[in-house]
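This is what each chain is made of:
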Amino acid sequence: MKMLSKINKFFCSVKLAIFLFIAIAAFSMVGTFINQGDTTSQYRTIFGPEIYHILYWLGFLNIYGSWYFIGLTVLLIVNLVTASVNIFPHTLKAVFGPYPSFKEMMDKKSPKAAYEVVESKKNIEETKKVLNEKFGKPFSETETELYYSKNSIFRFSPYIAHLSIIIIIIGVILNVKYGFRSYTNIKVGEKTDVSYLTKNQKPVKLPFTIRLDNYQTKYYKDGIPKSYISKISIIKNHVSVAEKNIEVNHPFTYGGITIYQASYGHYRPTVAKLLIVNLKNRKLEKAVYAEFGKLYDAGINNIKFRFIPYKRPKRGEIPFFIELGNKRILKFNVLPYKNKSMPLIFAKYHDAVFLYTGVKSYYYSGVEITKNAYTSVIWLGSIILITALFFSFFFNHVETWVKLSGSKDGKKTSMEILSVPKKKFESFYKNFDKIIAKIKKDLG
Amino acid sequence: MISANVSALDGSLYFTISLFFVLASFAGYFIFLFTGNKTIPKVSFGILIAGFIIQTAAFVVRWIYAYKIGIDTPPLVDLYDSMVFFAYVIIFGFILIRIFYDFDALGFIITLVASLALAFASFSPLAPSAVEPTIPALQSYWLIYHIMTLFVSYGAFGASFGLGILYLIKSGRKNKTGGWFLNLLPPSNIIEEAIYKVIVFGLVFLTAGIVIGAAWADSAWGGYWSWDPKETWSLITWLTYILFIHARFTKGWGGKKMAWIAVIGFAVVIFCYLGVDLILPGLHSYATPGSTPIL
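Residue numbers (the numbering used here), protein chains in the order written: chain U, 881 to 1324; chain P, 17 to 311.
Source of the hints: derived by calculation from the structure; they are not laboratory data. Using N, Cα and C, we set each Cβ at its ideal position, and we do this for glycine too. Some hints could be false.
The calculated EDC-like cross-link candidates involving lysine to aspartate or glutamate, where the alpha carbons are at most 16 Å apart (straight line), are [what the hints assert, rightly or not]:
| hint | chain 1 | residue 1 | chain 2 | residue 2 |
| --- | --- | --- | --- | --- |
| 1 | U | 1251 | P | 234 |
| 2 | U | 1101 | P | 234 |
| 3 | U | 1310 | P | 118 |
| 4 | U | 1098 | U | 1123 |
| 5 | U | 1283 | U | 1005 |
| 6 | U | 1320 | U | 996 |
| 7 | U | 989 | U | 1005 |
| 8 | U | 1163 | U | 1231 |
| 9 | U | 1320 | U | 1013 |
| 10 | U | 1318 | U | 1013 |
| 11 | U | 1106 | P | 88 |
| 12 | U | 1106 | P | 118 |
| 13 | U | 983 | U | 1021 |
| 14 | U | 1184 | U | 1203 |
| 15 | U | 1001 | U | 1296 |
Which residues of chain P face chain U? A few of them, derived with a C-beta cut under 7 Å, are [what the hints assert, rightly or not]:
| hint | residue |
| --- | --- |
| 16 | 132 |
| 17 | 155 |
| 18 | 209 |
| 19 | 220 |
| 20 | 224 |
| 21 | 228 |
| 22 | 234 |
| 23 | 239 |
| 24 | 245 |
| 25 | 252 |
| 26 | 259 |
| 27 | 265 |
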């Protein structure tokens, strides 16, 4: 039993709580100086293999998921619960009684107490009346003793604040267990029903298919991006069931799953558009969407060709060329073309002219796909927390005992007034002095 | 060569004018410390209120200007705006404290901090005053609630820092005969109570600001919490002040230790507010070509 009470004392101590606050804050700090959740190869290049191994071993690369970080949080919860449970009966008694008597309170010699003796020129009953005007309705009353308690109900607010922390943590656990956060890129015009978990890149199957119909960036006049807009369709059983434009700050929720605009970009081009002109009859022979490196027929004199980008283009040089079927290499020439901004880029071989008109590139949109399960529990806990903090901070529980003793003739009364605040504020003593002065004025 | 980046059009000129009012007020409070002349702080307080009114007007001008050039969200996001707003709330906080307590000695710290913030905004090339269009990530009505609540808390913590310093000065000189300065300060236990009240006020707003931020992140970025450096530092700040309110229950943690926590706590706030953006990368500084959003 002695052991048990020792353990109990350890777990409910404020010192443990203070240690845990500092420890959790310190480990959190580490996590902000070392990037969390990068890949192994990224860490190796940043820190080098030895330091990487040390950091990995210490758990510093995934600190918020490390056993000791979770351990500290669990310890804090245990601390919070045991501390609350231990003091709760005391608080219950302070609020609902039985309240200590004047004598018991005097013997306690609380360092917070304010004490004053006042002589009243009125009898006990009239004195009581005046006191009740000053202190409110007494919580308990005997012939010679009065007990007042102000703001006692707010003694529960710290417990509610602690309870709300537990509600928030329950919400977080449920969210982690039943929800997920994932990310995927979708190419314009394509669809997917698979996304990749943010924490470990593992694929997750979605209950529907998302198609990216279009992607667009809008700009302010001075070129700063104004909005990133993806037009998406939700497809279920081959039927489009919803269509929506999503933007940053304007996600779309379907069936409990929310799709957020998170990123955008374009893939490296793989196709060039070439116009092939026959010089003999000055006619456009054909337009070819030439996949890089693939052999095509020019349609003129049986000429075969490939469009190939240089692996390491030199500065100022056109970064691609044409390789003919006979392995001959054709370089492109540049000719400023009338007053158009894009010059004519062409390569010539006998009667065939290859006119380069650009590459075809595909935009993609990066979307975060999230199942935000049980977040309402977290918000509920948060609202309770804020409210409870407010009430526990700004309402000071004040208890006042008055012992009355009438003179022999019953015309005069002597009062001993003892007032004890929960929080030792200077303003309490000032206020106490004010009340005493008033009582003296009214009864003196 | 330092040159102010000001314009009457977008209201930044009026912030710079208010800086001179706050500086004048600071000079008064500073002289008060050496002379103890009771009329000086009254004049200083008047000048400060005038500066505060000018700042209020400057905000109105700036918001209208931003609205006119087609920016829907209030201009609160870049370094300049957040610095002037910080000065604004800290002065507001002091005015409130001054109305309820006889706290002239606090004036010199508050006006000093506010002057520094305003001077940095007005003269630092790091904080251009031009109203920039809001990037997509910040185009949301959550923005205003998120920033307002947090800046109220920052202002309160700034005030608690000033009070903490006063407390430490006072307790450090306790045994020596009180000089001109110490006699001007309110009794230690009044400062102690003020530290507590200002901090818990800030803590309620800090909690609300973090929760609003989380709710915004939930509706904009895919999750309520991402352990992004700014989020994490806001948690560290929160834990610091939570430690403050629990430390009161520990035996032997008198006013001096509490005052130290108030001072250290504000250092954490400053790191969370500025350090994270200038040193650590993260969501709060993301997607920002050329500008630093401070949230």
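Within 16 Å, alpha carbon to alpha carbon, are residue 1001 of chain U and residue 1296 of chain U?
14 Å, holds
Using the nearest Cβ pair, does residue 224 of chain P come within less than 7 Å of chain U?
5 Å, holds
Just to be careful: measuring from the Cβ of residue 245 of chain P to every Cβ in chain U, is the smallest value less than 7 Å?
Hint on residue 245 of chain P: holds, closest Cβ of chain U at ~4 Å, below 7 Å.
Holds or violated: residue 1101 of chain U to residue 234 of chain P, with C-alpha atoms at most 16 Å apart:
Cα-Cα ~30 Å, so violated.
Please verify whether residue 1098 of chain U and residue 1123 of chain U have alpha carbons no more than 16 Å apart.
Measuring from Cα to Cα gives roughly 20 Å; hence the hint is violated.
Compare the distance between the alpha carbons of residue 989 of chain U and residue 1005 of chain U with 16 Å, and conclude whether the hinted pair is satisfied.
Not OK: residue 989 of chain U and residue 1005 of chain U at ~28 Å, beyond 16 Å, violated.
Has the given pair, residue 1310 of chain U with residue 118 of chain P, been kept, meaning a C-alpha gap of at most 16 Å?
14 Å, holds
Does residue 259 of chain P hold up as a contact with chain U if the rule is Cβ-Cβ below 7 Å?
Hint on residue 259 of chain P: holds, closest Cβ of chain U at ~4 Å, below 7 Å.
Starting from residue 1251 of chain U, check that the Cα of residue 234 of chain P is at most 16 Å away, please.
Distance ~11 Å between residue 1251 of chain U and residue 234 of chain P Cα, so the pair holds.
Restraint check, 7 Å cut-off on beta carbons, for residue 239 of chain P near chain U:
5 Å, holds
Residue hint residue 132 of chain P, partner chain U, criterion CB-CB below 7 Å
With a minimum Cβ separation of about 25 Å from chain U (threshold 7 Å), the hint on residue 132 of chain P is violated.
Agreement of residue 1184 of chain U and residue 1203 of chain U with the hint, judged by alpha carbon distance not exceeding 16 Å:
9 Å, holds
In this structure, the earlier hints numbered 2, 4, 7, 12, 16, 21 are contradicted, and the remaining ones agree with it.
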